[in-house]
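> Line order of the protein sequences matches chains A and B. Under our numbering, the residues of the first sequence are numbered 1 to 270, in order. Under our numbering, the residues of the second sequence are numbered 1 to 269, in order.
It is worth saying that the hints were derived from the structure and are not from the lab. Among the hints, erroneous ones may be present.
Said to hold, decoys possible - Below are the DSSO-like pairs computed for lysine-lysine, each with C-alpha atoms no more than 30 Å apart in a straight line: (1) LYS81/B to LYS145/A; (2) LYS16/B to LYS61/B; (3) LYS130/A to LYS81/B; (4) LYS81/B to LYS117/A.
The model shown is predicted, which means the values in this text are computed figures rather than measured ones.
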Amino acid sequence: MASVGSSAVLLGPATFCAVTGGSRGLGRSIAVQLAGRLGEGSRLVLTGRSLQGLQETKRQVEEKSPNQLEVKLVTGDMEDSTVYHAHFCDIFADVKPGTFKNALMIHNAGTLGDLSKKAAEHSDAEILNKYYATNLTSVIALTAKFMQVFSASTVRRTVVNISSGTAIEPLEHHALYCSGKAARNMFFKVMAAEEPDVRVLNYSPGPMVTDMLHTTRSCGVKIVEDGFKAMESQGLIQSPDDPAKHLLTLLEEDTFKSGAFLDVFNRFSL
Amino acid sequence: MAEGGEGWTPPFSKRKSLCVITGGSKGFGRSVAVALAAELARDSHVVVLGRNSESLRDTEKLCKAMSPHIQITTLFGDLSKSSVTGSIFACLRFQVDPTDYKHALLVNNAGTVGNVSRRTWEHSDPLELDSYFNLNVASAVSLTGKFLEFVRPGNLPCTVVNVTCDEAQRPMKCHSLYCAGKAAREMMFKVMAQEEPHIRILNYNPGPLETELKTTVMIEAADDGVREEIRRLRDNNQLIDPDMPARKLVQLLKEDLFKSGEVVNFQES
């Protein structure tokens, strides 16, 4: 259901948007799609580990943006939780109260974890902690900062969690990825329940031609590689541009139930 | 379905089992330790991990009173610290020889509900979050891996239990961390069940229990409705005595008919 009482259009003028993992893949595609839709006075903040990658995304965004969209780049590695504070301050720097009518947080950055290991082989707690720090703690803490910065009820707030079918269905050799996605999905469902004024969406983009897919495809584990060949033969692997477009359409239509898990192919009846 | 065939030993038969339970100083963990002690064969060994030495001793006394023929070891350890899982087995190596046993059981029970006085967006301290997921997710996973490694020389049939709850699948206000952590664990053990056809894995939901965890929520939850709901359950005697689902769990393990990886709810069984 669309939120009542707000006259601002989701992606209209004066929208603040942050996209994590914007240096490549789906993050880049989302940024480029946003470029044409963010109205005057908007700001797009892209985060990622690779400055070079972020700069290329910025170049593509500026090419497409008719409104001289302000694009800001913030580099950082979410494995180390001691850097979050500075990193998050950078993301939201110079956000003066009243400047933005809409605020959109897209949690896209994520890592796969070591695909060569089975769940029972993940016995090193340090590695596990780094994984959950990167994929779970950072997302929760960043959401907290986002909500603190955009606390006024006059700002229409939307939070998107880039999820995966693996949040719902177990996948061999993806123990860390599945468990992290499952955790995020539930976290954002609770957020949706607690915050009826915030639009929350768990979005599963499906398999895409990205570096992440390439890693999976060439991991050397037969059952994983076979799984991807099967998806390929079913025509499920797309350019990340397609789910990026679909996501933005969902956000613009704004009819999704807050907290819903939506898949690009509607594969999961929930 | 239980495995059959030559060489397979059903758990809790007349032969010795090695059992490790986390979070055994109180609540459901204690109830499981005692329920196991009642059913295990002579000379089986129950290792109880917990964070409160005095309470661990009480658990030990209750287990010994239930069955003087079982060996009980208590180990103090704070699973929110990542070094602890390694040191648990380093310590056990001196006391336990897995080749002495015919079955191995791990019950991942330790867990906390998180700060329920905070809304989802108030969880801003990364160190607190890291510590939470370390205790509630990472430690259960690494402990399981180390446990399986530890018992491997004995070539024992293994069962791993993950204690789960409604909140792993049902979002509940004030419980964002608990829901996230439990969802992560359930999923982790479902993946494990797919990958390890020779390990019996059970996600067991004992239901809403009459324990300190629920008392904490009833007092501290930020949302009136959540506090009221627990109060209502308590007043209507709908909070479950942990001994009951503990006994049911042991029965399920004995029967060994569950589908590996499935979630079994005490309230529906």
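> Hints first: check each against the structure and report whether it holds.
Evaluation of the provided hints:
1. LYS81/B to LYS145/A: holds (26 Å)
2. LYS16/B to LYS61/B: holds (20 Å)
3. LYS130/A to LYS81/B: holds (13 Å)
4. LYS81/B to LYS117/A: The given pair, whose Cα atoms are some 23 Å apart, holds under the 30 Å limit.
Violated hints: none; the structure is consistent with every hint.
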